[in-house]
Amino acid sequence: MGISRRAALKAMAAATAGTVATAVGTPKAKAAVVAAPPDAVGMLYDSTKCIGCKSCMVACNEANDLPPDTALSGGLWQMPLDLNERTKNIIKLYQDPNDGSHAFVKRQCMHCLDPACASACLLGAMKKREHGIITYDPDLCIGCRYCQMACPFNVPKFEWSKVMPKMVKCELCNHRIAKGKIPACCEVCPTGAVIFGEYTDLLAEAHRRIDKHPDRYVPKVYGETEVGGTQVLYLAHTDFAKLGLPTYGSDPVPTAVREVFQEIYQGIVPPIALYALLAAVMIRSRRQLTGEGEEEKP
Amino acid sequence: MTAYAQPAAVQGAIFTRPVRALTALAVIGIGLVVWRFVVGLGQSTALNDGYPWGLWIAFDVVTGTSLACGGYALVLLVYVMNRGQYHPLVRAATVTSAFGYSIAGFSVVIDIGRPWLAWKLPLFWHWNLRSVLLEVALCILTYTIVLWIELAPAFLERAQASTIPWIRQLAKTWLPVLRRMLVWVAALGVLLPTMHQSGLGTLLLLSGPRLHPLWNTIMLPLLFLTSCIAMGFGVVVLESALSSRLLGRRPEMEMLAGLGAVIRPVLHLYLGVRLVDLIVRKQINQLFAFDSYSVMSLIEFALFFGALALLREERQRRDPRTLFRAAMLMLLGGALYRFDVFLIAFQPGPQWTYFPSVTEILVSTGLVAAEVVGYIVLIMRFPILAGAPAAAPAS
Numbered sequence: 007m008g009i010s011r012r013a014a015l016k017a018m019a020a021a022t023a024g025t026v027a028t029a030v031g032t033p034k035a036k037a038a039v040v041a042a043p044p045d046a047v048g049m050l051y052d053s054t055k056c057i058g059c060k061s062c063m064v065a066c067n068e069a070n071d072l073p074p075d076t077a078l079s080g081g082l083w084q085m086p087l088d089l090n091e092r093t094k095n096i097i098k099l100y101q102d103p104n105d106g107s108h109a110f111v112k113r114q115c116m117h118c119l120d121p122a123c124a125s126a127c128l129l130g131a132m133k134k135r136e137h138g139i140i141t142y143d144p145d146l147c148i149g150c151r152y153c154q155m156a157c158p159f160n161v162p163k164f165e166w167s168k169v170m171p172k173m174v175k176c177e178l179c180n181h182r183i184a185k186g187k188i189p190a191c192c193e194v195c196p197t198g199a200v201i202f203g204e205y206t207d208l209l210a211e212a213h214r215r216i217d218k219h220p221d222r223y224v225p226k227v228y229g230e231t232e233v234g235g236t237q238v239l240y241l242a243h244t245d246f247a248k249l250g251l252p253t254y255g256s257d258p259v260p261t262a263v264r265e266v267f268q269e270i271y272q273g274i275v276p277p278i279a280l281y282a283l284l285a286a287v288m289i290r291s292r293r294q295l296t297g298e299g300e301e302e303k304p
Numbered sequence: 035m036t037a038y039a040q041p042a043a044v045q046g047a048i049f050t051r052p053v054r055a056l057t058a059l060a061v062i063g064i065g066l067v068v069w070r071f072v073v074g075l076g077q078s079t080a081l082n083d084g085y086p087w088g089l090w091i092a093f094d095v096v097t098g099t100s101l102a103c104g105g106y107a108l109v110l111l112v113y114v115m116n117r118g119q120y121h122p123l124v125r126a127a128t129v130t131s132a133f134g135y136s137i138a139g140f141s142v143v144i145d146i147g148r149p150w151l152a153w154k155l156p157l158f159w160h161w162n163l164r165s166v167l168l169e170v171a172l173c174i175l176t177y178t179i180v181l182w183i184e185l186a187p188a189f190l191e192r193a194q195a196s197t198i199p200w201i202r203q204l205a206k207t208w209l210p211v212l213r214r215m216l217v218w219v220a221a222l223g224v225l226l227p228t229m230h231q232s233g234l235g236t237l238l239l240l241s242g243p244r245l246h247p248l249w250n251t252i253m254l255p256l257l258f259l260t261s262c263i264a265m266g267f268g269v270v271v272l273e274s275a276l277s278s279r280l281l282g283r284r285p286e287m288e289m290l291a292g293l294g295a296v297i298r299p300v301l302h303l304y305l306g307v308r309l310v311d312l313i314v315r316k317q318i319n320q321l322f323a324f325d326s327y328s329v330m331s332l333i334e335f336a337l338f339f340g341a342l343a344l345l346r347e348e349r350q351r352r353d354p355r356t357l358f359r360a361a362m363l364m365l366l367g368g369a370l371y372r373f374d375v376f377l378i379a380f381q382p383g384p385q386w387t388y389f390p391s392v393t394e395i396l397v398s399t400g401l402v403a404a405e406v407v408g409y410i411v412l413i414m415r416f417p418i419l420a421g422a423p424a425a426a427p428a429s
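Each protein sequence line maps, in turn, to chains A and B. Heads up, the first sequence is in my numbering, so the first residue is 7 and it goes up one at a time. Heads up, the second sequence is in my numbering, so the first residue is 35 and it goes up one at a time.
Bear in mind the hints are in silico, worked out from the structure with no lab data behind them. All figures in this text were calculated on a predicted structure; none of them were measured in a lab. Quick reminder that beta carbons are idealized off the backbone N, C-alpha and C, glycines included. Among these hints, one or two may not hold up.
Here are some chain B residues the structure puts well away from chain A; computed CB gaps all over 10 Å [as the list claims (entries may be wrong)]:
no.: 1; residue: S136
no.: 2; residue: G147
no.: 3; residue: P149
no.: 4; residue: H160
no.: 5; residue: L225
no.: 6; residue: G282
no.: 7; residue: P299
no.: 8; residue: L342
no.: 9; residue: E348
no.: 10; residue: F389
no.: 11; residue: V392
no.: 12; residue: T399
no.: 13; residue: V406
Across the chosen pairs, the derived CB separations fall in these ranges [said to hold, decoys possible]:
no.: 14; chain 1: A; residue 1: D143; chain 2: B; residue 2: Q194; range: 34 to 42 Å
no.: 15; chain 1: A; residue 1: I278; chain 2: B; residue 2: H160; range: 15 to 23 Å
no.: 16; chain 1: B; residue 1: I179; chain 2: A; residue 2: A286; range: 47 to 55 Å
no.: 17; chain 1: B; residue 1: M115; chain 2: A; residue 2: D71; range: 57 to 65 Å
no.: 18; chain 1: B; residue 1: M215; chain 2: A; residue 2: E136; range: 42 to 50 Å
no.: 19; chain 1: A; residue 1: A41; chain 2: B; residue 2: V411; range: 53 to 61 Å
no.: 20; chain 1: A; residue 1: W83; chain 2: B; residue 2: Q385; range: 20 to 28 Å
no.: 21; chain 1: A; residue 1: A41; chain 2: B; residue 2: A323; range: 38 to 46 Å
no.: 22; chain 1: B; residue 1: Q385; chain 2: A; residue 2: D143; range: 25 to 33 Å
no.: 23; chain 1: B; residue 1: R352; chain 2: A; residue 2: A279; range: 36 to 44 Å
no.: 24; chain 1: B; residue 1: I395; chain 2: A; residue 2: D71; range: 31 to 39 Å
no.: 25; chain 1: A; residue 1: P43; chain 2: B; residue 2: A323; range: 41 to 49 Å
Assemble the whole structure, with the sequences as input and the hints as a guide.
Laid out in structure tokens, this is it:
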């Protein structure tokens with residue numbers, strides 16, 4: 007009698023503790039950067055070329071049918087503080103408190119190679135689709151906001167002001183790309199600070215610029231390895247962390263979830279096996295319980 | 035083996051003064067739920083793009099379902115560990131679980147932004163099988179149904195005594211069928227909470243880069259699972275103590291003291307994993323940094339260790355007051371742990387703050403009040419609690 011019970015308990019322990027332990031116990035192999043999809047496109051933003059004119063913000067709102075966020079300026083001009091339900095793209099200013107030097111930084115969806123939002127999303131509303139662009143399908147979104155909890159760059163925004171809200175985030179102007187155009191922000195940028203292109207070309211271009219002008223850049227392409235790599239890449243002469251781009255390792259955000267969750271539930275077989283074991287053990291227990299002259303009443 | 039009485043409905047008036055007060059709170063809460071659907075989440079809650087999950091998720095769903103683990107913990111004990119002596123507690127525990135999970139499910143519908151599309155959840159061809167939240171949502175949904183099926187015999191037993199012939203007949207036909215298949219349902223009742231209670235911890239692994247190191251560990255699923263089992267037993271103790279007090283019955287001290295003993299190894303496991311994990315990840319020094327994070331963690335530990343200290347000796351566990359206090363400390367510890375992981379450890383950035391709005395708080399209290407009223411109505415109308423007044427063995 008003890009055997010199958012012990013087996014069931016063991017299976018339960020394995021289903022929870024065991025896999026967790028192996029995930030922790032094995033030393034992590036140096037995580038390679040995730041491979042980009044073959045048709046991946048992206049953007050390269052060069053902070054040293056940006057003059058902070060914000061025409062990309064205006065163009066973005068126009069291209070995406072978003073009303074400008076004018077709340078802070080008393081309705082006069084577009085003035086968002088951060089990405090929000092009306093802002094898929096923003097230019098921010100960093101000013102060094104010591105020497106007064108400054109740098110601009112553009113923020114929008116990074117289009118991660120292994121996106122946390124897509125791992126979080128219940129029905130695949132947020133998904134890496136054509137060209138590796140993470141697009142949003144409101145018809146599959148129940149508004150749980152787990153993508154917001156998951157995104158390491160705090161990008162997806164929720165229409166808090168609406169009774170029937172949607173999520174709002176940069177989709178790399180995929181509706182324009184489908185028509186053979188390029189993202190609005192890249193189209194209007196007067197200095198070429200942000201350019202659109204194939205991911206591999208942009209990565210090569212970024213390195214070329216660093217090699218050519220080592221004095222002008224921090225010797226690093228932000229987004230090349232961060233959270234497994236992103237399809238939007240950054241160059242700057244200021245420490246990226248100061249620009250608000252968080253310091254992350256090369257492990258994709260969904261790594262831990264993959265290690266515990268997907269491995270335990272692999273092919274749904276372990277839960278079914280556990281269920282069968284539990285049922286066997288419980289039938290036996292019930293027989294003992296009812297054998298003592300008591301009717302079964304859980 | 036202890037002989038125990040058949041479950042029976044508790045006699046007496048339902049709408050006493052405290053129950054009327056609770057009903058009022060419930061009505062206010064429901065009213066504000068309507069308000070939330072009229073004006074939207076932005077106006078009715080303090081949620082924002084930094085803190086997209088607030089009180090309703092951290093309290094009603096995550097803490098609420100862990101407090102509703104009484105049914106899970108007892109079925110685990112009685113049927114999987116084969117401790118038949120605790121069987122009389124199962125039905126009452128299942129009632130609180132059924133209510134807790136139903137309320138949690140309702141809270142999810144209030145909290146999600148696009149509930150009119152929630153019907154798409156069962157459409158399996160859309161499922162994102164990598165989504166932990168999908169697993170949690172489907173498990174909670176199914177388990178809520180499982181809990182009500184587990185309770186169905188109580189309703190059918192009552193229906194047997196009905197004056198309406200066809201209801202009597204219905205009960206007579208279905209009761210034996212239900213009893214035969216119930217064990218298959220009960221097995222689901224162990225499998226599903228094992229999956230989704232650990233899953234609630236797994237959820238935050240995806241926020242890993244923005245989670246404070248004191249809580250950010252791959253052990254989250256195991257910590258959530260072990261603590262919810264301990265909390266399940268704690269709730270049974272608490273609920274027995276409260277209902278015996280309110281209804282003038284003698285508590286089943288023999289069984290409750292036994293549960294007190296069962297809680298200890300579960301708590302040892304939880305605390306062991308938590309501490310060893312902090313040491314292995316070299317974050318144990320963070321525990322004594324005495325910033326707000328370390329203080330919150332230390333309070334968690336104090337509550338759990340306090341509960342363990344109160345449960346140390348048989349003599350303490352047999353004292354209703356000490357046992358009750360231990361259960362309270364442990365439940366507070368488990369609840370705080372969940373709050374800490376979902377609201378304190380989560381750090382979206384310095385520009386974001388969150389404190390629940392009045393609406394959020396009143397909706398949460400209203401739902402808890404509704405749950406308590408529902409529980410009282412149920413135990414007074416249906417055969418749920420075992421033993422007649424003063425029939426339980428004196429301790």
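Query raised in the report: Against which earlier hints does the structure fall short, listed by number upward?
Result: Those not satisfied are hints 2, 3, 4, 5, 14, 16.
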